[in-house]
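Assembling the complex is the task here: the two chains are given apart, and the hints tell you how they should meet.
For the protein sequence lines, the chains are H and G, in the order given.
Residue numbering for the first sequence follows this note's numbering, starting at 1 and increasing by one per position.
Residue numbering for the second sequence follows this note's numbering, starting at 337 and increasing by one per position.
Rather than coming from a laboratory, the hints here were simulated on the basis of the structure.
These figures come from a predicted structure and were not determined experimentally.
Heads up, a few of these hints could be off.
To be verified - Example chain H residues on the side facing chain G (calculated, C-beta under 8 angstroms, incomplete):
{"id": "1", "residue": "ARG76"}
{"id": "2", "residue": "HIS109"}
{"id": "3", "residue": "MET321"}
Don't be surprised by glycine CBs; every beta carbon is placed ideally from N, CA and C.
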Amino acid sequence: MTEPISLELTRKDFVSDQTVRWCPGCGDYAILAQLQKVLPELGIPKEKIVFISGIGCSSRFPYYMNTFGIHSIHGRAPTLASGLAAANPDLNIWVITGDGDGLSIGGNHLIHAIRRNVNLNILLFNNRIYGLTKGQYSPTSRKGKKTKSSPMGSIEQPLNPLTLALSAEATFVARAMDTDTVHLGEVLKAAAAHEGTSFVEIYQNCVIFNPNEWTGIDDRRTRSDHVIYLEHGQPLIFGKNNDKGVRLNGFKPEVVDLGGEFTEKDLIVHDETSQELAYILAHMEHPTYPPPMGIIRSVRKPTYTEELMGQVRMAQERNGMGDLKSLYHSSDIWTV
Amino acid sequence: MSDPTAHFEELESVVIRFAGDSGDGMQLTGTQFTTTSAVFGNDISTLPDYPAEIRAPAGTLAGVSGFQVNLSQHDILTPGDAPFVLVAMNPAALKASLPDLEIGGIIIVNTDAFTPTNLKKADYESNPLEDGSLKSYEVHEVPLTSLTREALKGLETLSTKEKDRCQNFFALGMTFWIFDRSLDTSESWIENKFAKKPEIAQANKIALETGFFFGETTEVFRRRFHIRPASLPAGTYRNVTGNEAMALGLVTAAQKMDKPLFYGSYPITPASDILHALAPLRNFDVRTFQAEDEIAAMGSVIGAAFGGALAVTGTSGPGLALKSEAMNLAIMLELPMVIVNVQRGGPSTGLPTKTEQADLLQALYGRNGESPIPVLAPKGPSDCFDIAYEACRLAVRAMTPVLVLSEGYLANSSEPWLIPDPNDIEPIVVKHPEGRSEDDAPFFPYLRDEETLGRPWAIPGTPGLEHRIGGLAKAPITGNVSQDPRHHEQMIKLRAEKVARLANAVPEQDVFGPAEGDLLVITWGGTFGAVRTAVTRARKNHNYDVAHAHLRFLNPFPRNMEKILRSYKRILVPELNNGQLAFVLRGTYGLDNIISYPKLHARPFKIGEVYQKLEELFNN
Ligand SMILES: Cc1ncc(C[n+]2csc(CCOP(=O)(O)OP(=O)(O)O)c2C)c(N)n1
Ligand code: SF4
Ligand SMILES: [Mg+2]
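Next up, chain G with everything else stripped away, as it sits in the complex (with noise of 0.2 angstroms):
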């Protein structure tokens, strides 16, 4: 026998998109694909990309769905900058995301909705499948629509909408068949989703291996290719988004600080998924409340932190800032919680369904008065847990509350999650004040811990502690309402100090790349991944004198911050805002040598557009 893998090519990494209308069920193709993909043994990255609208009117470019998944042999950090392979569902689908396709890549696409009216909804003039201006790609007409519905014709119960509502399991089995994937996993899942609805489950099937098959009985793609497994820690795996992984890490400081965990949010894009996966989660002790408005689910994280819970909030832009006052409080009152703001494009309702990273002056300034808070960002989607965890550690260590600023972008996109064992996770030690009788010495709300400068977390229903606190002004130690300016300044330095101490208890900042020299590019947040790879691309091709920082704590910053700021000629921060982070470490620091790399587009920063950047710093 021949070798079975000879008319494979070998790709190191492929990135496909997956796109359709949004009734198309694109996200569900791009997801199967990815789980077949990641349980093979790729590393994966994945960007889903959706319209702000639930229904854009069919066949629109308002309406087009996407979804982006990178698989590769090699650790990879982005979705990718340009798909190699499309599937387009129709024209509109086609128009969108042509643009950002490799030229020569493989388009495949379903002629039954290259209808007249599709074109005209897409905005094309003439059919892109006839006029010649696909040329550069290598294309693949497949009329999806009606090979579904032939293949379903037996399943008489079924009607003819049901079983065009099938043709996305058409094209993953299509796509399937070119990457060489068993179709076992997407199988399993297909009984479980549909197990109450045996017939959907079987014309789901049907259609996925119908289009496996066609593939390899019709020969219409003559190229398929092999993706290697990559050769990751050893370990087990699962896919996560950042929302997914910011609900588990909340959870596992929950358990770990034996707590009940209270989530207190309105629904909001991109945030609401964090909420949607706590409420089913009652039998860890999860309390969710669905407040009536963002000031509500503030306050009522407040009070379930002063009730001895592990309190957290979720948002996204527009409700940080209905949150901002509640906050203040939450900051007077010190008392440990967690705010969480899934960032989007802004201002007002901005762009709903679209990433950026415009609050963070939000989250470090906006507030009235001096009113400092630590914030925290993760670096990928995985990471949400790990900062999620820290968050609540922070919180609780110097009864603060504790900020993380999320974006859409890392919320929706996922990645492998090496899964950790939970005994290796480092119990949360909380301290309650005991109860008291009369002849102890009276409790003092406001005596802080020595070196944390934390005060008590003194919890109703523990006897002699009873206390009020409030937001207005108060002396140190009663914590009793003072308009005394001499306790103003104390209680302010106080808050700050506490704050900043808490560069004490995080590590300090790392640096990829050379520890001194010509340029260092900081980031933080999710352009971790593009900016990484660039550099690291950079470095190899050119040998440029350039190191990458990435931040994770920016409120306070880590202890070695300035150190590093100072060993370079020049500082890049390239950032999905208008120069903020650039803005805050010149304040910060005084530096006059940073160079400020916005980008306005509320999409991440791609791997190229970053890398022509440093290349333009080299070559002037």
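Bound conformation, chain H alone (with noise of 0.2 angstroms):
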């Protein structure tokens, strides 16, 4: 046997031997580099986590990281993880997906890990494309966005992550940008943290298959004009200056300007335990809101392997640990 391996952790010690192939300038870097970065901060053995991925660009992810993990197929990797946490519940797990990934082929999917409160961290790598079958638009490809499957503009409605999430009752909602790594880095942490699932949406830049699809949000220059940083407790306001806010009007949110007729009383005040709030959020859409970053909600539920493990104990306490022998003779019995 070994000695348990000190919890000093660095980087490095999460850096597999596997080369990186993603495409040069690829947002999926930086976000391995960010979650390489803030696992050592965990204070988590390293055995104990775990990557799941499904199929696409994204769902290389576990090949590099030096932890446990399963590339697995298209779609499914909500329903391996479920399974692992419900086998293993002290695990800190981590699900890998993309859009296609997480919001077509494996929908059901999320929906389902989702409602049921396992504890998973899901990081949804959204570049609103499909990047490993190169270039087809996706769930959450804008309307009229032309690709090679939609030359004359896709005709669909996308998705949107964060109210799908909702609407399943995720219990962590939480969005962030490839191109803001400290920002990430808080948000992974947060999702880590955080016990049952936590549902990260992360705009990922394919500068190959959809190079300008956040332009006008995520540049590093602009962007506190375009996005709204959330905090709990604080009210709504963002701009370089800190000079713009988003107020309630009737049941509709509205952009304004602070210092004239509106003042920061007149904003809303962030509370991630609100649902409702949460919804008005989560459909702040670019370019007409500053889309949320941050927490959107985050509430304490009992996660699906409390409620199962506590059925265990609970079975175990009033009928004894399970005997196979009076279970075989549990029926109406004869002896010959």
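Written out as structure tokens, the structure is:
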């Protein structure tokens, strides 16, 4: 036997020996780097961390992490992760999925994993395109999007990953961008700390097949004018000079300039526990609104495995540990 | 005093069918009769037959629900070809069962149900009780509904509807009287079942007793029968259906591995009862997971296997089709798990409540790429226990998913099971690699055991064993992603060889009858009973040169298989599909003496039809 590996982990401990094979400039690199930076800070032994992915560029992720991992099949990562959590409730499990993997072929599994509140951190890399299959439109591609499979423009209404997660009763919903790595790191840490399903949408750049998708949103120099960073208990303020905010006009959010007719007191104050507010925020889409970044909803509810193992314990207390002999005899028996 | 058994006719065996509307409680009546007969000591075999619709229109042929039980003083292997006694609760039940009934057999009908409306619903143009069409049978007309109502007159708190629900117990009581059976077992069942509804309990008991005494006092039934207890091997018995035995076998395997049992499944007839049997066993650390679909069930099982649990899923044909892609992932990941497929009539939704054996080729070959998987099949309800245990043992030994092909017929039929002593069941030894430190040699996830070719089962949580596996083609030993053509070939051959070597871990095939000669009959799955009985009779009555080999291991075949096959002039393969095993045997062994004998009715073989087939083969 060996002594337990020391918990003083560094980024290097999480780097595997496999060469990373994403295109140069792909947003996936930044996300990988952030996770490798954040994981050593969580205080979780490395052997308890598992990455499970589906299929797609993003789903190559587990190969690059020096943890336990499964690169599974298209769309099904949440199912493997749920079974793993049930078998082994103290693991720290990450599900890596794409907008096609998680919302198209695997949409059903995503909903149900979230609904069950399995203790998983689900990271959905949203590049609004099918990267691995070379550039077809995805369920998050905007209407009118011209791709190889939609030369005259997509005629489909896109899905909003956040509202989908919320309607599946997600207990933790957040959003981050590959270009804002510091903020991404904070969101990932919060997701890891949350017990139950943490769902994080990450705006991710596919520089090859969808290069301009986030233009006007994620640019380092101007993004503070175009997105809003949420903080629990704080008013919804944004803008380079903190001069804009969001207030409620009836049921509708409204972007207002501060300093004139409106002051901070008129603005919505973020409350991570409010289901109603979460819906309003999740629906705030570019360019009408600054899309929100950060934690949209976070509430504590019993997780699937807490409930499952609770039943196991309760049954063992009530009926005693299972005994095969009495199980075999638990029916009308006769002796010859 | 005269001998009390004087008016009894002695029978060696008898087949009884209870038939009625799906709401009439016939499954319950049949089960009660079975349990009592089993406790009495008969050998028994049962076959429930119910419609796919939960509540088909009352009184119609589509709504008939039947339960057939064969009881005997000998060892029996099937629920019987033709009922000798039929209890028919309405005209539709009579009409649906009559073609199966033995000529000269006994029919007990509920005359109250023979109304013009019900006759019309059953498509009868005239009343069979009056038009002489039943003259080859011994018919007993009993106004069951009114007699039951009359018996329960005193129970004022019960509605007429509630009283009418007791008429199946009246019928049961009469049948008990005819066969001279004790009411004790059923009475205590009623007391238990309705412990919280004492009035319902009382009503059912009164109905049961009144039915019994009706036989005694009215002398309607001139004939009564005795079937002596069978001389079964000594021990304690209970009755099990195939699905119950499967569930018991899985829990046993988990306990014998010292592991939690993870059972991920999506409900589907006729496999759901396995889930129902396992769900209450939380105190055995059984973790059932009702997945959102069969794909999710299969995925969850792979995840649970990676996590170190004994991981099992159960489904039926359409669900197995959905699982295929994930099963291939399991084959690539080389993790141990068990997939139980309780076959039903197909293709597509097919015949959900009827039996078939038509998923054999799907099981063996129905996935993309080279995809070898061990396949096992139980031969009867109680054998599901042993097959479940075997499947788990082999899965762990070779680090592979294992497929079990059960059948609707086996799943729902029941027979006595000689209860084993759990201490006599071998433990299944599982070795997980231990943790490592940086100074130790690196961990190779695909470094194989030399004997079994299984790879290490390294579970998350073990320090130093961090590794990644996936569905992409990989290099041997390291398991790293590789597109090298030699690696691809090597891994295909290793996975195939690993499955083939399981033949070393299973018993040789046994043969009933001569070790060489004219005809070998080969079967698999639930056809065992009918075919073994037919072969036995044919040998006894005609002295035919015929042997029977029944396969429980379909991949790999037992190691002496080829030798057996080459020892006979002709090989007959009866199966409930269009010749799938025959096709596999021809292809695997290049045989040209195979006679396929398909039955495509989605119903089990009858002993008589197999017997006739043998006569045909020997007379031409
Ligand atoms: C069953 C199945 N169907 C289709 C594919 C092909 N396929 C692989 S990845 C992919 C789409 C991936 O898109 P996304 O999830 O957005 O990931 P990205 O590559 O953009 O990161 C498709 C259609 C597959 N691997 N498996
Ligand atoms: S195709 Fe797009 S998503 Fe895929 S690796 Fe290249 S840049 Fe990244
Ligand atoms: Mg994508």
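Notebook entry, point to check: Looking at the structure, which of the earlier hints fail to hold?
Noted result: Checked against the structure, no hint fails, so every one of them is satisfied.
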